[in-house]
Amino acid sequence: MTSSDPFEVARVELVEALARMVNRVICAGKAEAQSALGSIAEIRTTLAGVVKLDDFLEDLNAAERTLRLYLST
Amino acid sequence: MPYTVAQAAKAIGKSKATVFRAIAKGAISATRDDTAGAFLIDPAELHRAFPHPAEESHEAPHNTSDGVPRNGEWHDLKARLELTELRLADTQDQVADLRHRLDQADADRRLALDRLAAAQERIAALLTDQRAVPARRSWWRWGRG
Numbered sequence: 166m167t168s169s170d171p172f173e174v175a176r177v178e179l180v181e182a183l184a185r186m187v188n189r190v191i192c193a194g195k196a197e198a199q200s201a202l203g204s205i206a207e208i209r210t211t212l213a214g215v216v217k218l219d220d221f222l223e224d225l226n227a228a229e230r231t232l233r234l235y236l237s238t
Numbered sequence: 537m538p539y540t541v542a543q544a545a546k547a548i549g550k551s552k553a554t555v556f557r558a559i560a561k562g563a564i565s566a567t568r569d570d571t572a573g574a575f576l577i578d579p580a581e582l583h584r585a586f587p588h589p590a591e592e593s594h595e596a597p598h599n600t601s602d603g604v605p606r607n608g609e610w611h612d613l614k615a616r617l618e619l620t621e622l623r624l625a626d627t628q629d630q631v632a633d634l635r636h637r638l639d640q641a642d643a644d645r646r647l648a649l650d651r652l653a654a655a656q657e658r659i660a661a662l663l664t665d666q667r668a669v670p671a672r673r674s675w676w677r678w679g680r681g
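Those protein sequence lines, which keep their order, are chains A and B. Note that the working numbering numbers the first sequence so that position 7 is 172, with each residue one more than the last. Note that the working numbering numbers the second sequence so that position 69 is 605, with each residue one more than the last.
Chain A on its own, in the form it takes in the complex:
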C-alpha cells in the first residue's frame, strides 16, 4: 500500500473487508445476507459521524447492491 493517509488506508481496508464479508455471506445463505444488509446500514451511520461519507458511499452501495441482487435470485 503506497498511501499514508489514514483515511485513504481505512477506505481501502474497508473495501477489502466488505468484499470478504459479501463473499462469506453469499456462501452462508440468504438469512446471513439479510443480516449483512443491516450491518451495512449500521456502518453507514457509524462512518457518517466520523468521515466524509461520500468517500465510502460508493463502496458501501456496491456491497449493498450485490447483497440485494443475491437476495433477489
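No wet-lab data here; the hints were simulated from the structure. Among the hints, erroneous ones may be present.
Stated by the list, open to error - Among chain A residues calculated to face chain B with C-beta under 8 Å, some are:
1. P171
2. F172
3. V180
4. L183
5. I208
6. T211
7. L212
Since we're looking at a predicted model, the values are computed, not measured. For every residue, glycine included, the Cβ atom is placed at its ideal position computed from N, Cα and C.
Got chain A; can you put chain B on it based on the hints?
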C-alpha cells in the same frame, strides 16, 4: 557653481519639469540669471530637497559636522523605524495566527483519527463473522497502538 535647470535635473536624475515644479512650489529656492533670465540653483539647496539617488535609500543620512543627524533626518529615521516596527508587529501577529491555526488543525486531525479508530472497532465487529473464532485480527490494522 550654481546649476542650470538642465544640470540640476541631470544631477538628481529627474526631468527639468520636476525641477521647475519644485521651484514653483518653493521646495527649492533658485535665483534668476540677470542676463539670460534662466534659473540658477545652488547645488546644496538642490540636494537638500533631492538627495542623491544612491544616498536616498542605501547610504547613511547626511550628518552635521559633529556626526549627529540633522533634525529632518531624525524625523525621517524615526518614521522609518516606526513603520518597520509596525510591519514587524504585523508579521509577528501573522506568525502567531498561523501557529495557532496549525495547532488547531493538528488537534482536529488527532481527534478525527481517534474517532476513526473508534469507528473501526464498531465496524470491524459488524463485518466480521460473529460465528468465527473470537480471536480475530482486525481488518483495520494500522490504527492500533
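Under the constraints set out in the numbered hints, which ones does this structure not fulfil?
Number 3 - this is the single hint that the structure violates.
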